[in-house]
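Peer 1: Just so you know, we're using this note's numbering here: the sequence shown kicks off at 30 and counts up by one.
Any given hint could turn out to be false.
[As the list claims (entries may be wrong)] Calculated lysine to aspartate or glutamate pairs in the DMTMM-like style (CA-CA distance at most 25 Å, straight line):
| # | residue 1 | residue 2 |
| --- | --- | --- |
| 1 | 408 | 352 |
| 2 | 254 | 190 |
| 3 | 79 | 69 |
| 4 | 235 | 283 |
FYI, nobody ran anything at the bench for these hints, they're computed from the structure.
None of these values were measured; they are calculated from a predicted model.
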Amino acid sequence: MNFRPIAGIDVGKFFSEMAILSPSNEVIARMKIRHDSSTDVERAVELLKKTEKDFDSRPFVVMESTGHYHKILFHSLYKAGFEVSVINPIQTDSIKNIGIRKVKNDKVDARKIALLYRFQELKTTNIPDEDIECLRSLCRQYYKLSDELTAYKNRLMGIVDQLMLNFKDVFPNIFSKAALAVLEKYPAPAHILKANRNKLIALIQKNSRRSLKWATAKYELLNSKAKEFAPLSISNSSNVAMLGVYISMIKTLEENLEKVLKAIRSLIIEDMAKDMPMLALTLELLQSIPGIGLISAVTILAEIGDFSAFSKPGKLVAYFGIDPSVMQSGEFTGTQNKMSKRGSRLLRRVLFTIALANIRTKRDKTACNPVLMEYYKNKCQSKPKKVALGAVMRKLVNYIFAVLRDRKPYELRSPQEHAQMLAAKHTAA
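When you get a sec, could you build the whole thing from the sequences and use the hints?
Peer 2: Here you go:
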């Protein structure tokens, strides 16, 4: 048992509650810390220093990860020289029911968070590298904007279907620059039919950057389709107005996504100018794995953070949240265990996309990753496709671990070649 004083902090949006426990688990001090008050933060530091003097031992601080609200307090206490552990809310939820009485308030939670240190082995959380923290913030924003963009595109498709269902016959990609330009200026079949022929052809040619002949052919087809659908079109003021709103939102979101990508690229370029460029090298290593592009590599690097925290592949697998859950009680052992999904949701999302890319074929019908393709097909013979894909995801995490551990690019090897290499190493040793 550890006999250090423990400070538990329950983090809220505008303030946090701190409870300091003595080595015998008695509450010796409580304090409310307002996040916008430097005086409160200084008082908290002084209270912790007083506790250190009273017990001749520096308190260990435990706080819950609550959005971004814990960051200011975490940085302040860390800079003051205290060991701080930021823990997952899942961990704190497991101890908040320790009492029989149903009591839920910040003061009680702060004490229970402190008790968590007594029951579990918690490690100090280090301040992440500034570049990594910036990348993590940019990546998360990128995916949020991407999700919003997808939502608005779906809404736009719903409106276009009502205004002119056969518009896709003319422009299969209704989100192309030419298609959006036409929809924005001529939202309904009636507008298209009344439009000046030359102006509409010029609009299509300008935004598509194609030949006059191509633009003219598109106009003729568009005019023909507009005549067909005109009697069925629901071209009321609501649909026309919302079409304009959704197009505007899509353009804005696309511009903002480009700004985020530009900021990510700028960070990488700045890192390359350093004497020891770590970001650029790590991203290059990750992109050597099939299916991993720049955004995927940046997301993996940003979400993993300090790779030294993962001593073996299994720990990284658990951090991705693709390790199997365990159901066991007495003589019963569950056999239909699902993924734990306790790790980073964003990492799983990226990993799922990478796994799909590795079991696909190219245009020339050759496999993108013949080794993983064969592995997936073999798994599918005895397992459902989703389970087989999960196995591919786990394999990919092992590849990521090996690449980051050895600091060497990924090499495509069959299981037989890998076994021969291992055998040769053992023989040489």
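Peer 1: Does each hint hold? Answer for all of them.
Peer 2: So, going through the hints one by one against the coordinates:
Between residue 408 and residue 352, the direct Cα distance comes to roughly 17 Å. Compliance with the 25 Å bound is thereby established for this hinted pair. Our distance criterion of 25 Å between C-alpha atoms is met by residue 254 and residue 190, whose separation comes to about 13 Å. At most 25 Å may separate the alpha-carbon atoms for a hinted pair to count; residue 79 and residue 69 meet this at roughly 15 Å. Simply put, residue 235 and residue 283 have alpha-carbon atoms about 20 Å apart, close enough for the 25 Å limit, and the pair holds.
When the structure is compared with the earlier hints, no violation turns up for any of them.
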